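Line by line, the protein sequences give chains Z and A. Note that the working numbering gives residue 51 to position 51 of the first sequence, counting from 1, and the numbers run on in steps of one. Note that the working numbering gives residue 118 to position 118 of the second sequence, counting from 1, and the numbers run on in steps of one.
Calculated from the structure, these hints are not laboratory results. Computed from a predicted model, the values in this text were never measured in an experiment. Even glycine gets a Cβ: it sits at the ideal position worked out from N, Cα and C. Please note that the accuracy of each hint is not assured.
With beta-carbon atoms standing in for the labels, derived distance ranges [as the list claims (entries may be wrong)]: (1) Z/Gly-163 - A/Gln-6: 41 to 51 angstroms; (2) A/Val-33 - Z/Asp-235: 54 to 64 angstroms; (3) Z/Lys-306 - A/Arg-97: 34 to 44 angstroms.
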Amino acid sequence: MKGKPLVSIVSAGLSKFGKLEGLYAREIFAEAAKEAFDRCPKLDPKKDIQALFVGHMGESYEHQGHTGATMADWAGLLHVPATRTEAACASSGAALRAAIYAVLSGLADVVMVGGVEKMTHRSTAEVTEYLAMASDYPFEQWHGITFPGLFALMATAHMHKYGTTEKQLATVAVKNHYHGSLNPKAHMQKEVTLENALSSRVIAWPLKLYDCSLITDGASCLILTKPELAKKYTDTPVHIIGSGQASDTIGLYERESFTSLTAARLAAKKAYEMADAKPEDIDVAEVHDCFTIAEIIAYEDLGFCKPGEGGQLVEKGETKLGGRLPVNTSGGLKAKGHPVGATGTGQAYEIFLQLTGQADKRQVKNAEIGLTHNVGGSGATATIHIYRRG
Amino acid sequence: MAEQTQAFTIEQFYKHILQRKLMGAKCKKCGKVYLPPRPLCGSCFSKEFEWIELSPKGKLLTYTVIHVAPSQFQGMAPYAVGIVQLENGVKIPGMIRASPENIKIGMQLTMDFGTCAATQQWPQWPRYFFKPA
Numbered sequence: 001m002k003g004k005p006l007v008s009i010v011s012a013g014l015s016k017f018g019k020l021e022g023l024y025a026r027e028i029f030a031e032a033a034k035e036a037f038d039r040c041p042k043l044d045p046k047k048d049i050q051a052l053f054v055g056h057m058g059e060s061y062e063h064q065g066h067t068g069a070t071m072a073d074w075a076g077l078l079h080v081p082a083t084r085t086e087a088a089c090a091s092s093g094a095a096l097r098a099a100i101y102a103v104l105s106g107l108a109d110v111v112m113v114g115g116v117e118k119m120t121h122r123s124t125a126e127v128t129e130y131l132a133m134a135s136d137y138p139f140e141q142w143h144g145i146t147f148p149g150l151f152a153l154m155a156t157a158h159m160h161k162y163g164t165t166e167k168q169l170a171t172v173a174v175k176n177h178y179h180g181s182l183n184p185k186a187h188m189q190k191e192v193t194l195e196n197a198l199s200s201r202v203i204a205w206p207l208k209l210y211d212c213s214l215i216t217d218g219a220s221c222l223i224l225t226k227p228e229l230a231k232k233y234t235d236t237p238v239h240i241i242g243s244g245q246a247s248d249t250i251g252l253y254e255r256e257s258f259t260s261l262t263a264a265r266l267a268a269k270k271a272y273e274m275a276d277a278k279p280e281d282i283d284v285a286e287v288h289d290c291f292t293i294a295e296i297i298a299y300e301d302l303g304f305c306k307p308g309e310g311g312q313l314v315e316k317g318e319t320k321l322g323g324r325l326p327v328n329t330s331g332g333l334k335a336k337g338h339p340v341g342a343t344g345t346g347q348a349y350e351i352f353l354q355l356t357g358q359a360d361k362r363q364v365k366n367a368e369i370g371l372t373h374n375v376g377g378s379g380a381t382a383t384i385h386i387y388r389r390g
Numbered sequence: 001m002a003e004q005t006q007a008f009t010i011e012q013f014y015k016h017i018l019q020r021k022l023m024g025a026k027c028k029k030c031g032k033v034y035l036p037p038r039p040l041c042g043s044c045f046s047k048e049f050e051w052i053e054l055s056p057k058g059k060l061l062t063y064t065v066i067h068v069a070p071s072q073f074q075g076m077a078p079y080a081v082g083i084v085q086l087e088n089g090v091k092i093p094g095m096i097r098a099s100p101e102n103i104k105i106g107m108q109l110t111m112d113f114g115t116c117a118a119t120q121q122w123p124q125w126p127r128y129f130f131k132p133a
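Okay, chain Z solo, but in the shape it has when bound:
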């Protein structure tokens, strides 16, 4: 058996992901919290939960900051210490790290950790501007570089260095839309064809519409406790056995490489060491496919294949359900959707379902070890977690 448990997940909740008209972020978070509470009848939320960490990227969407306390109140946890973490698209991956610190420090035995974002009521132009805030303002945004533009810069570099093709990028979209079609909570539950993906309009060449993740509303949460207390709450906990986080320059241009995320490689190394695991041990993974190229780079940074071979890995079907290592069985950011702050713990939710045999039509048989890879911005933050069935 691999890896000593750091903390244990005893429950998890996820709101419907999609265009949730008429709802405010706090109301969506309450939906995720309710599922986590209902899933764990032995938990008394008011009595047991001693802290809340919530990932949330932007005040601009709802003209609302101070998210920690607000979410605590709406989840029925009034007066618990509540803290919001912000690390762009890795906001709730960072919240998960903070929650692990809290449990391991001994200051809290049971912690709720989650994330939330409400985005779809804003125009695409507004969302584009808010998301761009995750990149460098004086040298990237100021010169007209959009967020898809940064990943397009990586895609061009990857294609030039390794011969990765636009077809391979589109294959990531086709796979993740197929997975999304099996997930009743996914934003887009329909399959797309390779032809449709390849002929969709250009956003930032070589990235097209179907290479980009969705603007989505949603919330996610987990209930964590010390491993020795896990059985008090559930017979089927999922243990977190490895956790890694690293940072890098805010500007893509200052990095040593444009074809790999150093922060992701460093975080993965830490997480694998802590878990006493190797890439070959992973049965199922949720990776940060904010753009299709990001999933291909993730395979390489996580050691699922050699640098430069990510495009071939997806093309051979190895990361599709039924393949050697299914990746993004939830549909990923691409089809499940990317409510930015909710994404990190949303990935952990999918791994929780997979390792407890609750993933229904998208269940990976006998999944025992899972991994999540959550990236902030163009790679200035990465959080990687490794999980084992309890």
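Once you have looked at the hints, place chain A on chain Z.
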């Protein structure tokens, strides 16, 4: 020299750009060159820097063509942006004024300078851009 006492800030970098000069900050202790300048050397923690003028010429490392642009750039779309490695090794992103079909990784580019945006709002930074050398 008055210039040597100017703060090693992004604001000052853009003031130099307004004067059509590409200036980096060199750490006096360890020699690392920063573009943009910084007040604290991330390698040796020194606060002692000097301004050095950098060659505006460099090589294109990667690029993209932006079709969906932020509102203030919509009139220019589609436009190319890229990351250029200057002759001294430092890297800087910027717009490339050339037709996309003529842009190739590895091509030689040189920096040119725009004017300051006519606005009263922060920030009042000018823009530079790249063109084929």
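Right, here's what the structure says about each hint:
Range check, Z/Gly-163 to A/Gln-6: about 46 angstroms between beta-carbon atoms, so the 41 to 51 angstroms window is met. Roughly 59 angstroms separates the CB atoms of A/Val-33 and Z/Asp-235, a value that falls within the hinted 54 to 64 angstroms. A hinted range of 34 to 44 angstroms for the beta carbons of Z/Lys-306 and A/Arg-97 is consistent with their spacing of about 38 angstroms.
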